[in-house]
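S.K.: Generate the whole structure from the sequences, applying the supplied hints.
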Amino acid sequence: MSSDSYQCTLTPELQDKAKNELNEDPEWRSKDVAALRDMVNKYTGLKCRTDDAFLLRFLRARKFDHQRAFDLLLNYFKKRKENPDIFENFTPLNLKHMFEAGVSNVLDCKDKLGRRIVLLRMGRWDPDRYPVT
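Under UniProt numbering, the first residue of the sequence shown is numbered 1, with each subsequent residue one higher.
Any given hint could turn out to be false.
[Said to hold, decoys possible] For lysine-lysine, the following PhoX-like pairs were computed, each having C-alpha atoms within a straight-line distance of at most 25 Å: (1) 42 / 19; (2) 17 / 110; (3) 96 / 19; (4) 96 / 63; (5) 42 / 63; (6) 31 / 47; (7) 79 / 63; (8) 31 / 17; (9) 42 / 17; (10) 110 / 96; (11) 19 / 63; (12) 112 / 19; (13) 47 / 96; (14) 17 / 47; (15) 63 / 47; (16) 78 / 17; (17) 31 / 81; (18) 42 / 31.
Keep in mind that the hints were calculated from the coordinates and are not lab data.
M.R.: Written out as structure tokens, the structure is:
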């Protein structure tokens with residue numbers, strides 16, 4: 001893998017789940033990331049992160065199908081470019097008012113699979129005061 005070499009922190013149970021549901025094989029992971037990185041590096045005009053953790057997000061989202069992961073990555077950057085008003089200011093500091101208003105909360109507890117739970121209270125959202133853009 002790259003110099004930032006990904007360190008898997010998944011539990012054995014989650015590793016089994018990733019292998020069965022996402023086709024993620026620990027023995028092939030570095031080769032899959034390298035293949036996607038190669039596609040990114042060969043694509044003219046695309047400047048993006050190529051660290052293992054970033055590329056793994058796209059591979060996992062497309063069950064380690066290199067071409068589909070690459071297409072998703074291209075679409076991700078296309079949407080970011082088409083909607084700068086949404087993505088440029090999408091930082092925790094700029095969203096602080098949404099948390100303070102109680103529109104969005106991250107619960108202290110997790111679900112039975114250990115995932116964080118985000119609660120959205122859309123009734124508290126005032127689009128005039130808190131626009132999407």
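S.K.: Are the hints correct? Go through all of them and say.
M.R.: Hint check:
Simply put, residue 42 and residue 19 have alpha-carbon atoms about 28 Å apart, too far for the 25 Å limit, and the pair is violated. At roughly 18 Å between alpha-carbon atoms, residue 17 and residue 110 fall within 25 Å of each other, so this suggested pair holds. A distance of roughly 37 Å separates the Cα atoms of residue 96 and residue 19; the hinted pair therefore is violated under the 25 Å criterion. Between residue 96 and residue 63 the alpha-carbon distance is near 34 Å, which puts this suggested pair outside the 25 Å criterion.
For the hint pairing residue 42 with residue 63, the CA-to-CA distance comes to about 22 Å; that is within 25 Å, so the pair holds. With a CA separation close to 21 Å, the supplied pair residue 31 and residue 47 stays within the 25 Å bound. Distance hint between residue 79 and residue 63 is fulfilled; the C-alpha atoms sit about 21 Å from each other, no more than 25 Å. Of the supplied pair hints, the one linking residue 31 and residue 17 holds, its CA atoms being roughly 20 Å apart against a limit of 25 Å.
A hinted pair counts as satisfied when its Cα atoms are at most 25 Å apart, and residue 42 with residue 17 does not qualify at roughly 32 Å. At roughly 22 Å between alpha-carbon atoms, residue 110 and residue 96 fall within 25 Å of each other, so this suggested pair holds. Distance restraint check for residue 19 and residue 63: the Cα-Cα separation of roughly 9 Å lies within the 25 Å cut-off, and the hinted pair is therefore satisfied. Note on residue 112 and residue 19: the hinted pairing holds, with a Cα-Cα distance of about 20 Å set against a maximum of 25 Å.
Between residue 47 and residue 96 the CA atoms are separated by roughly 29 Å; this puts the pair beyond 25 Å, and the hint is violated. Distance hint between residue 17 and residue 47 is unfulfilled; the C-alpha atoms sit about 32 Å from each other, more than 25 Å. Pair hint residue 63 plus residue 47 holds up; C-alpha atoms about 24 Å apart against a cutoff of 25 Å. Note on residue 78 and residue 17: the hinted pairing is violated, with a Cα-Cα distance of about 31 Å set against a maximum of 25 Å.
For the proposed pair residue 31 and residue 81, the alpha carbon gap of about 29 Å is over 25 Å, so the pair is violated. Proximity of residue 42 to residue 31 is assessed by CA-CA distance (about 16 Å); at most 25 Å being required, the pair is judged to hold.
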